[in-house]
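Protein sequence lines correspond, in order, to chains V and X.
Quick note on numbering: this note's numbering labels position 543 of the first sequence as 542, and the sequence is numbered without any gaps.
Quick note on numbering: this note's numbering labels position 205 of the second sequence as 204, and the sequence is numbered without any gaps.
Since the hints were derived computationally from the structure, they do not count as laboratory data.
Treat the hints with care, as some may be off.
Chain copies aren't distinguished; within one or between two, either way the pair holds.
Pairs of lysine to aspartate or glutamate, EDC-like flavour, derived with a Cα cap of 20 Å [as the list claims (entries may be wrong)]: (1) K570 <-> D494; (2) K221 <-> E330; (3) K79 <-> E157; (4) K329 <-> D172; (5) K329 <-> D589; (6) K502 <-> E581; (7) K463 <-> E491; (8) K146 <-> E52; (9) K4 <-> E50; (10) K570 <-> E491; (11) K4 <-> D589; (12) K325 <-> E52; (13) K329 <-> E166; (14) K221 <-> D381; (15) K146 <-> D185; (16) K325 <-> D589; (17) K463 <-> D185.
Note that this is a predicted model, so its numbers are computed, not measured.
There are 2 protein chains.
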Amino acid sequence: MAQYKAPLRDMQFVLHDMLNIENHYASIPAFADTNRELVDSVLEAGAQFCENELSPINRSGDEEGCQFDDGVVTTPKGFKEAYKKYVELGFGSLSAPVEHGGQGLPPSLGTVMSEMMGTANWSWGMYPGLSHGAINTVEAHGDAQQKEVYLTKLISGEWTGTMCLTESHAGSDLGLIRTKAEPNADGSYKISGTKIFISAGEHDMADNIVHIVLARLPDAPKGTKGISLFIVPKFMPTGERNGVKCGSIEHKMGIKASATCVINFDEATGFLIGAPNKGLNCMFTFMNVARIGTAVQGVAAAEGSFQGALEYARDRTAMRSLTGPKNPDKEADVIIVHPAVRQLLLTQKAFAEGGRALVYLLSTYTDIVATTQDAEAKKAADDMMSFLTPIAKAFLTEVGYEAANHGVQVFGGHGFIREWGMEQIVRDTRIALLYEGTTQIQALDLLGRKVLQTQGGMLRNFTKVVHKFCQTHEGNADMAQFVAPLAALNKEWGDVTMRIGMKAMGNADEAGAAAVDYMMYSGYVTLAYLWAWMAQVAQAKLAVGEGDAEFYKAKIQTAQFYFKKILPRTKGHIEMIDGGAETLMQMTADAFAF
Amino acid sequence: MAQYKAPLRDMQFVLHDMLNIENHYASIPAFADTNRELVDSVLEAGAQFCENELSPINRSGDEEGCQFDDGVVTTPKGFKEAYKKYVELGFGSLSAPVEHGGQGLPPSLGTVMSEMMGTANWSWGMYPGLSHGAINTVEAHGDAQQKEVYLTKLISGEWTGTMCLTESHAGSDLGLIRTKAEPNADGSYKISGTKIFISAGEHDMADNIVHIVLARLPDAPKGTKGISLFIVPKFMPTGERNGVKCGSIEHKMGIKASATCVINFDEATGFLIGAPNKGLNCMFTFMNVARIGTAVQGVAAAEGSFQGALEYARDRTAMRSLTGPKNPDKEADVIIVHPAVRQLLLTQKAFAEGGRALVYLLSTYTDIVATTQDAEAKKAADDMMSFLTPIAKAFLTEVGYEAANHGVQVFGGHGFIREWGMEQIVRDTRIALLYEGTTQIQALDLLGRKVLQTQGGMLRNFTKVVHKFCQTHEGNADMAQFVAPLAALNKEWGDVTMRIGMKAMGNADEAGAAAVDYMMYSGYVTLAYLWAWMAQVAQAKLAVGEGDAEFYKAKIQTAQFYFKKILPRTKGHIEMIDGGAETLMQMTADAFAF
Chain V
0 MAQYKAPLRD
10 MQFVLHDMLN
20 IENHYASIPA
30 FADTNRELVD
40 SVLEAGAQFC
50 ENELSPINRS
60 GDEEGCQFDD
70 GVVTTPKGFK
80 EAYKKYVELG
90 FGSLSAPVEH
100 GGQGLPPSLG
110 TVMSEMMGTA
120 NWSWGMYPGL
130 SHGAINTVEA
140 HGDAQQKEVY
150 LTKLISGEWT
160 GTMCLTESHA
170 GSDLGLIRTK
180 AEPNADGSYK
190 ISGTKIFISA
200 GEHDMADNIV
210 HIVLARLPDA
220 PKGTKGISLF
230 IVPKFMPTGE
240 RNGVKCGSIE
250 HKMGIKASAT
260 CVINFDEATG
270 FLIGAPNKGL
280 NCMFTFMNVA
290 RIGTAVQGVA
300 AAEGSFQGAL
310 EYARDRTAMR
320 SLTGPKNPDK
330 EADVIIVHPA
340 VRQLLLTQKA
350 FAEGGRALVY
360 LLSTYTDIVA
370 TTQDAEAKKA
380 ADDMMSFLTP
390 IAKAFLTEVG
400 YEAANHGVQV
410 FGGHGFIREW
420 GMEQIVRDTR
430 IALLYEGTTQ
440 IQALDLLGRK
450 VLQTQGGMLR
460 NFTKVVHKFC
470 QTHEGNADMA
480 QFVAPLAALN
490 KEWGDVTMRI
500 GMKAMGNADE
510 AGAAAVDYMM
520 YSGYVTLAYL
530 WAWMAQVAQA
540 KLAVGEGDAE
550 FYKAKIQTAQ
560 FYFKKILPRT
570 KGHIEMIDGG
580 AETLMQMTAD
590 AFAF
Chain X
0 MAQYKAPLRD
10 MQFVLHDMLN
20 IENHYASIPA
30 FADTNRELVD
40 SVLEAGAQFC
50 ENELSPINRS
60 GDEEGCQFDD
70 GVVTTPKGFK
80 EAYKKYVELG
90 FGSLSAPVEH
100 GGQGLPPSLG
110 TVMSEMMGTA
120 NWSWGMYPGL
130 SHGAINTVEA
140 HGDAQQKEVY
150 LTKLISGEWT
160 GTMCLTESHA
170 GSDLGLIRTK
180 AEPNADGSYK
190 ISGTKIFISA
200 GEHDMADNIV
210 HIVLARLPDA
220 PKGTKGISLF
230 IVPKFMPTGE
240 RNGVKCGSIE
250 HKMGIKASAT
260 CVINFDEATG
270 FLIGAPNKGL
280 NCMFTFMNVA
290 RIGTAVQGVA
300 AAEGSFQGAL
310 EYARDRTAMR
320 SLTGPKNPDK
330 EADVIIVHPA
340 VRQLLLTQKA
350 FAEGGRALVY
360 LLSTYTDIVA
370 TTQDAEAKKA
380 ADDMMSFLTP
390 IAKAFLTEVG
400 YEAANHGVQV
410 FGGHGFIREW
420 GMEQIVRDTR
430 IALLYEGTTQ
440 IQALDLLGRK
450 VLQTQGGMLR
460 NFTKVVHKFC
470 QTHEGNADMA
480 QFVAPLAALN
490 KEWGDVTMRI
500 GMKAMGNADE
510 AGAAAVDYMM
520 YSGYVTLAYL
530 WAWMAQVAQA
540 KLAVGEGDAE
550 FYKAKIQTAQ
560 FYFKKILPRT
570 KGHIEMIDGG
580 AETLMQMTAD
590 AFAF
């Protein structure tokens with residue numbers, strides 16, 4: 000199987016050449032010290048750790064899986080040791096607040112780190128990933144004592160965290176959850192109920208596990224407005240065992256080394272975080288972070304499968320190029336000469352690099368939202384993040400999954416064999432389209448909540464930026480190939496939104512019927528903007544003769560590929576959006592099958 | 000996990016209402032006795048066998064997999080017993096020639112049967128499927144004695160067969176194979192070499208295994224023109240063991256209950272079939288059959304995942320319909336009320352039923368090719384089959400895989416859990432895009448060999464049929480919604496082919512660069528024709544008040560869905576085809592990654 004190699008050159012292109020990350024950090028007082036050298040040294044240390052510690056236990060972890068025995072979960076060989084190293088090297092506390100033992104680096108650097116960890120070994124990355132979610136939640140909503148007791152241990156990595164939301168009958172619809180929280184005399188609560196799909200819910204990597212649990216108080220209103228949030232540790236800070244037990248682990252398609260647990264709470268002691276009945280509001284912070292984290296899985300899938308497929312395509316020989324032998328001394332040409340193989344590889348590359356740009360851009364907004372005191376700047380960043388997050392989550396996981404499948408395809412029949420590792424990426428990635436809100440839920444969030452409910456306001460925030468980019472570069476002859484189609488799409492985006500909005504006023508199902516195609520359309524246009532931007536940066540670098548010309552040329556060529564061979568997919572989505580709801584809704588549930 | 004239920008009503012719709020299969024059989028002397036009653040009784044017996052014997056061991060077979068121990072392969076629990084029953088019930092000999100013990104029924108009935116077996120348990124179906132390939136090959140190219148010795152035993156099911164083509168360095172490019180055949184004094188050959196990816200290469204279901212092996216004679220020319228075909232039995236007809244041994248079995252993403260073997264031939268005794276160095280020509284018969292058989296896997300994936308997802312969507316509750324509660328007495332609505340869920344389900348349904356129509360139509364050509372003495376009729380059917388086969392193989396497996404993924408998606412996070420069986424369909428189906436020629440190879444076969452090399456002749460054969468359909472029904476007001484877009488696409492199909500042909504004359508890579516999008520485009524248009532045809536049949540039935548009106552209404556509604564919400568994908572493919580080869584070919588192999 001291909002060994003992961005962190006694409007440092009490309010990461011640096013996005014961070015430095017494109018996003019000018021040093022300036023971005025300099026503009027935020029809390030991160031003013033994060034200069035280019037520091038960024039690069041974190042990248043390099045992260046790359047070493049991921050390449051040397053995580054990548055080698057990725058396939059063995061998949062084969063071995065997690066073992067369950069009477070409430071105890073054993074992670075695959077090497078997982079515990081890698082976690083210990085991760086903690087020792089300080090990666091867990093990278094972007095955590097200094098006042099609780101963190102290093103206070105920007106969240107965006109944590110995102111870059113999570114891409115490397117995730118590409119090297121997604122299952123392993125789930126454990127610290129969930130801790131990260133718990134850290135954010137306690138930091139944002141916990142009181143001083145909760146922070147003192149739990150946050151410091153989570154940040155130090157001595158303890159890990161989970162997010163306990165889902166119940167067997169309540170996934171997308173959290174308003175249905177039934178887990179109960181009954182007040183104790185001492186101000187704590189007795190938590191009872193069963194949660195499912197709890198990643199990192201039980202394992203052998205740390206001394207204690209801090210569960211963040213959604214539950215209902217006795218007098219809670221029905222639905223989403225009656226949900227409260229609790230801290231429920233596996234072991235009480237005093238050391239005794241709490242009434243929390245892992246009932247079983249799931250047998251899954253992929254991420255087999257990540258323990259997905261049924262967690263039973265049997266009058267477990269819990270502590271309310273935030274206000275009663277406001278639990279779901281408290282979760283929104285976490286959910287945005289988790290969605291960006293899942294968007295990273297799409298990038299990881301594209302990058303990892305691209306690396307494997309590229310190596311194979313440069314080495315495997317089959318048939319001759321249609322334009323005549325390219326390796327006449329061999330009995331056949333390497334398969335990278337074939338246009339259809341290149342189409343697969345370039346699609347992977349365009350999604351990996353384009354997705355990376357989107358996720359990193361998005362993470363710069365999280366830097367601002369997390370730290371700024373300026374309400375206007377915060378709202379601007381938050382709006383942009385709110386708009387781009389469902390696109391990044393749904394679109395990047397859909398195309399990341401596509402890219403992972405292309406990786407298998409480049410290998411031919413060998414791609415189906417576990418040994419090569421390509422099919423594992425497909426299996427591991429499939430969950431990304433489901434958890435943290437399915438593609439369909441994200442699409443409704445984008446079109447319904449973010450676009451239509453703001454009367455298009457959040458969309459215009461973004462299309463204005465795109466419009467400005469097009470205006471700035473429309474006079475550049477080399478950029479016309481990108482600017483002209485991008486400007487047209489940017490306008491069409493607004494137009495189609497209007498059309499959906501009009502129809503949805505008469506029939507709400509018109510929004511639901513358009514949502515997924517609208518989300519995919521939005522994703523392709525967003526990536527078109529980023530590819531145009533990257534091409535412009537590369538052209539500027541070439542013009543002044545800075546850096547590696549071959550790298551920048553390839554960047555422009557990939558942008559050209561994206562515009563010619565990917566972006567036309569928007570044509571189909573527009574027509575399907577305009578196809579409306581009728582053909583979806585007219586069939587009775589009984590008539591679907593006879 | 001959802002129990003498979005054969006969609007007999009829909010199968011009968013395609014066979015009787017649409018294809019008028021009784022008339023088709025009546026027109027072929029060999030099949031004149033195959034009337035509607037016989038067809039229906041075979042369908043019902045097949046459905047019973049598949050539902051009661053194969054479906055129940057589908058998931059257990061996946062969990063258990065095949066076991067390998069020193070050359071011996073053990074299939075999962077129940078596989079052997081099901082095979083015994085299959086043989087006893089006569090399903091193995093259904094469409095085999097009467098003179099060697101078969102029942103002489105039409106090949107198209109065998110295709111229908113293979114759809115049911117494959118949907119119920121694809122892994123299991125691989126064993127008789129490979130026998131079927133061996134039967135066809137020996138029947139077409141074996142001499143009288145070979146037929147006497149091997150064919151009768153293969154048809155009776157006492158022995159099974161394999162097709163040994165692939166070697167580790169030679170998959171798509173069979174011209175590279177190295178397995179040797181050295182003549183013995185008695186007219187037999189010593190076969191030496193190693194074959195990989197041999198399905199049913201070793202197992203415990205039958206007494207003997209007849210390998211059909213591609214190998215090179217000592218004086219053979221290089222490449223594809225130096226390949227000969229041999230029968231190499233595991234046990235000689237006299238009973239002694241031949242020099243054939245299974246070296247290992249592959250660990251795969253899916254179809255885990257199908258033994259995928261490395262087969263070592265160590266001076267094994269083999270018998271030449273057909274003329275020396277004409278082995279690949281002899282294989283073409285088999286390959287067409289195998290490709291249609293793989294197209295069936297796409298239909299099976301769509302049908303099986305649709306059945307599972309539909310059951311779940313009618314039962315699982317989450318959130319309220321956007322247009323207000325539909326099940327006010329429950330705490331949430333069943334998810335089939337949501338447009339985005341319906342979009343997934345209807346996509347599965349449109350591909351399952353449309354794919355079924357394509358495969359059954361295709362199989363009527365195989366009936367003719369297999370039996371007719373009329374050279375002109377044979378050529379016409381053969382040409383149609385040659386044109387539609389790569390479309391059916393590549394397009395139906397691509398969209399079948401998409402549909403299988405939609406099945407997972409409808410289940411949300413539960414879709415990722417093995418217990419539900421949805422993810423197994425994804426894993427089992429992934430191979431269909433790879434074996435028997437990848438999607439990319441099929442696309443080149445379609446555009447290069449079938450379309451451009453015939454100067455568009457094979458395409459015109461088909462577009463003429465579509466054109467005639469459009470002309471016949473253009474006056475029908477109810478059909479305008481289908482006929483108008485279909486006629487436009489049918490014309491565009493010819494136009495885009497011309498454009499590709501012109502460009503490819505200057506640069507062969509232009510064909511390679513267009514091939515996959517062209518194949519997908521062709522698939523969508525072909526299915527549009529079939530959906531229009533099915534809608535027309537349903538409208539005619541409704542007009543005369545025959546049969547179940549609800550069934551025919553749903554058929555028309557599905558056609559409407561297909562035209563509005565699937566067919567627009569052609570728009571993207573056209574533009575990507577016209578996007579040309581340049582952006583695929585300009586990047587140097589070195590510049591793909593830095």
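Hint-by-hint comparison with the structure:
{"no.": "1", "hint": "K570 <-> D494", "result": "both (14 Å within a copy, 19 Å between copies)"}
{"no.": "2", "hint": "K221 <-> E330", "result": "between (71 Å within a copy, 10 Å between copies)"}
{"no.": "3", "hint": "K79 <-> E157", "result": "within (12 Å within a copy, 53 Å between copies)"}
{"no.": "4", "hint": "K329 <-> D172", "result": "between (59 Å within a copy, 14 Å between copies)"}
{"no.": "5", "hint": "K329 <-> D589", "result": "between (60 Å within a copy, 19 Å between copies)"}
{"no.": "6", "hint": "K502 <-> E581", "result": "within (11 Å within a copy, 41 Å between copies)"}
{"no.": "7", "hint": "K463 <-> E491", "result": "within (13 Å within a copy, 37 Å between copies)"}
{"no.": "8", "hint": "K146 <-> E52", "result": "neither (31 Å within a copy, 59 Å between copies)"}
{"no.": "9", "hint": "K4 <-> E50", "result": "within (6 Å within a copy, 48 Å between copies)"}
{"no.": "10", "hint": "K570 <-> E491", "result": "both (11 Å within a copy, 16 Å between copies)"}
{"no.": "11", "hint": "K4 <-> D589", "result": "between (52 Å within a copy, 16 Å between copies)"}
{"no.": "12", "hint": "K325 <-> E52", "result": "neither (39 Å within a copy, 52 Å between copies)"}
{"no.": "13", "hint": "K329 <-> E166", "result": "between (58 Å within a copy, 17 Å between copies)"}
{"no.": "14", "hint": "K221 <-> D381", "result": "neither (29 Å within a copy, 65 Å between copies)"}
{"no.": "15", "hint": "K146 <-> D185", "result": "within (19 Å within a copy, 87 Å between copies)"}
{"no.": "16", "hint": "K325 <-> D589", "result": "between (58 Å within a copy, 15 Å between copies)"}
{"no.": "17", "hint": "K463 <-> D185", "result": "neither (54 Å within a copy, 83 Å between copies)"}
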